[in-house]
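Since the structure of chain A is provided, determine the placement of chain B on it from the hints.
Residue numbers (our numbering), protein chains in the order written: chain A, 1 to 459; chain B, 460 to 918.
FYI, nobody ran anything at the bench for these hints, they're computed from the structure.
Warning: the hint list may mix true and false statements.
[What the hints assert, rightly or not] With beta-carbon atoms standing in for the labels, derived distance ranges: (1) B:834 to A:315: 33 to 41 Å; (2) B:738 to A:256: 48 to 56 Å; (3) B:470 to A:38: 52 to 60 Å; (4) B:523 to A:20: 36 to 44 Å.
The C-beta atom is built at its ideal place from N, Cα and C for all residues, glycine as well.
Protein chains: 2
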Amino acid sequence: MSSAAVTFAQDKSNQQRFLNELKELLRIPSVSTLPEHKDDLLRAAQFLADELKRIGMENVEIISTGGHPLVYCDWLKAPGKPTVLSYGHYDVQPPDPLDEWKTPPFEPTERNGNIYARGAVDDKGQMYMHVKALEALLAAGKGTLPLNVRVLLEGEEEVGGESIAKFVANNPARLKADFALVSDTEMFAPDLPTLNVGLRGLIYTEIEATGAKIDLHSGMYGGAAPNPFFALAQIISKLKDENGKILIPHFYDRVQRPSEQELQAWKSLPFNEEHYREHEVGSKELTGEPGFSVQERTWSRPTLEVHGMPGGFIGAGAKTVIPAKATAKISMRIVPNMNSEEVFKLYSDFVMSLAPKGISIKVKLLSMGEPMIIRTDNRFVKAATEAMKEVFGKDTVFIRSGGSIPIVAEFEKHLKIPSVMMGFGLPDDNLHAPNEKFHIANFYRGIESIIRFLQKVGA
Amino acid sequence: MSSAAVTFAQDKSNQQRFLNELKELLRIPSVSTLPEHKDDLLRAAQFLADELKRIGMENVEIISTGGHPLVYCDWLKAPGKPTVLSYGHYDVQPPDPLDEWKTPPFEPTERNGNIYARGAVDDKGQMYMHVKALEALLAAGKGTLPLNVRVLLEGEEEVGGESIAKFVANNPARLKADFALVSDTEMFAPDLPTLNVGLRGLIYTEIEATGAKIDLHSGMYGGAAPNPFFALAQIISKLKDENGKILIPHFYDRVQRPSEQELQAWKSLPFNEEHYREHEVGSKELTGEPGFSVQERTWSRPTLEVHGMPGGFIGAGAKTVIPAKATAKISMRIVPNMNSEEVFKLYSDFVMSLAPKGISIKVKLLSMGEPMIIRTDNRFVKAATEAMKEVFGKDTVFIRSGGSIPIVAEFEKHLKIPSVMMGFGLPDDNLHAPNEKFHIANFYRGIESIIRFLQKVGA
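Bound-form chain A, shown alone (with noise of 0.2 Å):
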């Protein structure tokens, strides 16, 4: 049984433009963390303003803030209907390495059914999904919609989401809803509708180690001078040991176990640890703290991560420098109920007590989002479960993501709202790496989803 609704996001011709904007809006270089794309970023808002303008979205405005901007538009004539806060992000990670990908980043290719480009799924493809949406509901319904709809999307995820946060926290009323739909997930394996309830927060820092006032030649003052790689390996050795256990004081004191039937679920997902590492990870063998699981290690357990080491030489060939400076990009993965402000002290106190002779150390904090476990006592979350079930013919799991979304912690903090996050990226995706892609298909069951999902809730 289909809505004319639905029958409107099935049709070829639409799907096919639908896969046509997607790409121009993938084609906007809109990296948040790269100064130099801040224009890019504009023009992602503007194409997506202009977007919801078209289907018939009302209030549209580009919302300027201290960084990138945000956009926001809304259409509230359903009385006595719930209201959905619709979010997603335009901004994307910077596409470095380069040489790594098959086709340039930010020139759209069909390969295989997927679509690749930076972005394609992190998150413009997912939360176009939701404009698609709401396009085909408006056409079915001659400009109305079965429940009243607020978007509102932001250019900052990539890099701690602060101005979101700020206008979240500022703008509870204007904000007002019944629950939040986030698309910025991925489906435990491929056909197997999945929600997501947990998130961990994230807090990513650096830290500058400083030795000599200048770079110095290593022959001439190499057993004298302090050398600040030296001292940051030294300091990232000993804040997690070889098992993956870290080791900074007091780190696990709030860890939260989940319940023993959360940890059951777990267990009855399809996953083969073999395949995983081999496929999916690809190294030799995994890593992490002993006696937990995969899933465990990844969505229930707190982690550190060295992401770069800027500083010093790192062309081709031999210099033979001992930096005045370097830096570690270094973020942690929180779990509830552990507080990002205390844990960040922690690390940060420990850190310190870490530099070694010579060096001057400096811990910055770069980004701060809290853990979360979504709420699933409630009509939305039935509702979305639902809905997909319809889509693929098979019960939606319930999982968490080792990732971390702030956004959903703001929503629950100052709007009192849940998420229903359902998201259709795949774990072979390549989030964050060279040749992200997004599944055709999951983006047109996506958009069948969710025109099901708020029926369901407007009905």
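For chain B alone, kept in the frame of chain A given last:
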């Protein structure tokens, strides 16, 4: 008492011209480690070949190699006189970090009696002293020289000097000489004439750590995927302890302690450790093995340094990636009687033994050069000390250098000749660092010292 050659070199208009010519050479960005500068290396070689021809040297030739070319010329018409092999290098270190230069690295600029540019002292400026000394001698001698001269210049000193090493090994007859003259070192203190009689060897390596097959999202995979930066930090922290003692088994087995006499001479050098720490190094504290003086630590003790750690994300802001691969550029300075091949094997075996779970490690050798003690019991060294004393009015001191000039070992091995290392750099000349400079007065005093030295040898 000044010879005609010295008078020529002291002439103000000649001196201004020498400096202008040097500036022209310094404007050529002959960075040997970066493939994009290949043509600049050739330009620098051509500049020198043209100049050597112009001043009256014979058999000038640009010799192609597998890498950057050599420049050769000679003048061999002084039968019965000794033959000097004049060596220098026209390649330079990369200029990064560019933003720390007060004036651009390839726009030579005069400030406070110094000339600032990449290569000013290492080694274009010092090499050019040889050329100008020969010009003065040829001008004063109406096209003749007081001794036989061969000149051999290379463009790969900063990348290991592979081509010249092969050329020297394969052409001992063509390079037959009684001693080599090398000006690629520094004076112990301003106005203190210095001969260098010892060099550390250099082993430059890369440790490449590979975990996953592609870059992974640290949210999704943090806790399960191995992190190559963490692996490198663990390895590096086990290579050297916090006091600077290298922990590679058997590393120190062949280290030779300098003679009591040499150690005593080092103690009487004008050296203020606190001034060195504050003004030359500029760190809170000095580091290095307890119980050894700064001179011992930098001249006669081996060291191990990290120069850079390419891989992952090094841009501004936050990227939450677990990189598939990361690299550490690590070099060791070795001292008599260590052997570079043996030490590389000890290092490589130890690094491989430290490979953490899930990580594949490769150890790459980029270049290798032997440590060196110069024989001082010959008349060339004696003539050099006298020449410098005449110019500086002070007794010449003998020191060692912590740096590496691999060619000196090659000259000893294949040509069986000692090198006179007569350098005119200063400790604060910022070798291999931003704002490299050469004190202009030392450029002129160097030219005059070399003239007087060659005259004495040929007398």
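Verification of the supplied hints:
Here the CB-CB span from residue 834 of chain B to residue 315 of chain A is close to 37 Å, well matched to the stated 33 to 41 Å. Between residue 738 of chain B and residue 256 of chain A the beta carbon distance is about 54 Å. The supplied range of 48 to 56 Å therefore holds. Checked against the hint of 52 to 60 Å, the pair residue 470 of chain B and residue 38 of chain A passes, with Cβ atoms roughly 58 Å apart. Range check, residue 523 of chain B to residue 20 of chain A: about 54 Å between beta-carbon atoms, so the 36 to 44 Å window is missed.
Consistency note: the structure conflicts with earlier hint 4 alone.
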